[in-house]
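Protein chains in written order, with the working numbering: chain A, 1 to 159; chain C, 1 to 159; chain P, 1 to 159.
It is worth saying that the hints were derived from the structure and are not from the lab. Incorrect hints may appear among the rest.
Pairs involving identical chains hold if they fit within one copy or between any two copies, as the list cannot separate such chains.
Said to hold, decoys possible - Okay, derived cross-link-like pairs now, EDC-like style, lysine to aspartate or glutamate, Cα gap no bigger than 16 Å in a straight line:
1. Lys-4 <-> Glu-152
2. Lys-103 <-> Asp-73
3. Lys-3 <-> Glu-152
4. Lys-79 <-> Glu-152
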Amino acid sequence: MEKKAGTLIVFSGDLDKIMASFIIATGAAASGMKVNMFFTFWGLKLLQQEGAKTKGVGWMKKMFSFMVKPGPDKRPISKLNMMGMGASMMKKIMKKSNMPDLKSMLTMAHDLGVKMTACSTSMGVLGIKKDTLIPEVTNVAGVTSFLADANESSFTLFI
Amino acid sequence: MEKKAGTLIVFSGDLDKIMASFIIATGAAASGMKVNMFFTFWGLKLLQQEGAKTKGVGWMKKMFSFMVKPGPDKRPISKLNMMGMGASMMKKIMKKSNMPDLKSMLTMAHDLGVKMTACSTSMGVLGIKKDTLIPEVTNVAGVTSFLADANESSFTLFI
Amino acid sequence: MEKKAGTLIVFSGDLDKIMASFIIATGAAASGMKVNMFFTFWGLKLLQQEGAKTKGVGWMKKMFSFMVKPGPDKRPISKLNMMGMGASMMKKIMKKSNMPDLKSMLTMAHDLGVKMTACSTSMGVLGIKKDTLIPEVTNVAGVTSFLADANESSFTLFI
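Full structure from sequences and hints, please.
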């Protein structure tokens, strides 16, 4: 029988939504499914190295980059973020509940063979260079790559 | 012929998005489809009894619970909520348009046989106890249960 | 072989999310897929003619309409909108990156044969009249129409 597959578009850069996507992705991969995560727009901020500089891009892209910080530790939450206080509380709650943090989830997903693609179109728009991405990123590709994966999947989610 | 199925992850706790999910869920169930709703994170707040207390959980979980009120009547809207004024206007508009309110939609979904699952992982993180959930909840389960449903569905949505 | 299909529910009225949905929709249509876009709730604001008046509806619907402006040029972004400043920067960035604007994307989708349906239920709730919709709208229909499309699609997204 063919191996089932699932595809997730991670559009959001929010801690709570990214957590949800990794819980689904790692759960599916652990159960033997082929899993594709396609990171686009704000979701790309997760895949950027912390402190990544935006060299050679216009001031507007720099400003966007300044206002939405890169890296798993800098993710806000979608509600009650309150300048990061909510996100920080959420991370403490997760720790107390023995949940892995985002960095560990990224590693776990990578180790389980989850394909993590960075959307090339959004990288251009947001001024994100390939060499500022974390090593867990397996592909840099556009919408055609997503479509191929989605058409082979038993479910596709936009998160 | 096999009965078609649809699966919805209700992540959002916002009135407008929850309404959308119930319109889809009840519409699908009424047309003879098998429908699974998997409530996670902020979406769980809908399934909590109004005035539910958070006993035996840390102060951080209590504070989250205080700031995001439980129950169908306390849902904000995702835009223009303005401390509840927007949500209250939205509810009046729905009433004038002869739309059922969230409580009626919950009952309707239940009567149509929609499976409503509360996500056990998020319950732990948000400090939500099983005995504070409304009786319409049919299951308490984790991501594996969602995956089983999604793999049998003709569509799966993350709302 | 049967032509593959994809269905997108565009619930959001935010520039960044709408852009994402059109990039997916036009990409899929260009690759030969049948594509259905079902616009509901805030997503309907994209399909309204700019400056569309809300005649014959109550003051609450008028107020909602006033606060969420119609038309592709008036879309805010989901993060950092800052009274439109963020949206305006985003549009300049897109232009510099040689990305088409929303109006061009709408035309492109239409020319590629993407089916664009306006949700009749939401139109009632938000006080949007059929004659204020842009000509690219191919259908006005309810959830049953969406379900029929979703059940024939290889992927369905809620955006």
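Each hint, compared with the structure:
1. For a Cα distance limit of 16 Å, the shortest separation of Lys-4 from Glu-152 qualifies both inside one copy, at 8 Å, and across copies, at 11 Å.
2. Taking CA atoms no more than 16 Å apart as the test, Lys-103 paired with Asp-73 passes inside one copy only; the shortest distance there is 8 Å, against 37 Å between copies.
3. Both within a single protomer and between protomers do Lys-3 and Glu-152 lie at most 16 Å apart by alpha-carbon distance, with minima of 10 Å and 14 Å respectively.
4. In the homo-oligomer, the alpha carbons of Lys-79 and Glu-152 never lie at most 16 Å apart, since the shortest distance is 34 Å inside one protomer and 32 Å across protomers.
When the structure is compared with the earlier hints, a violation turns up for hint 4 alone.
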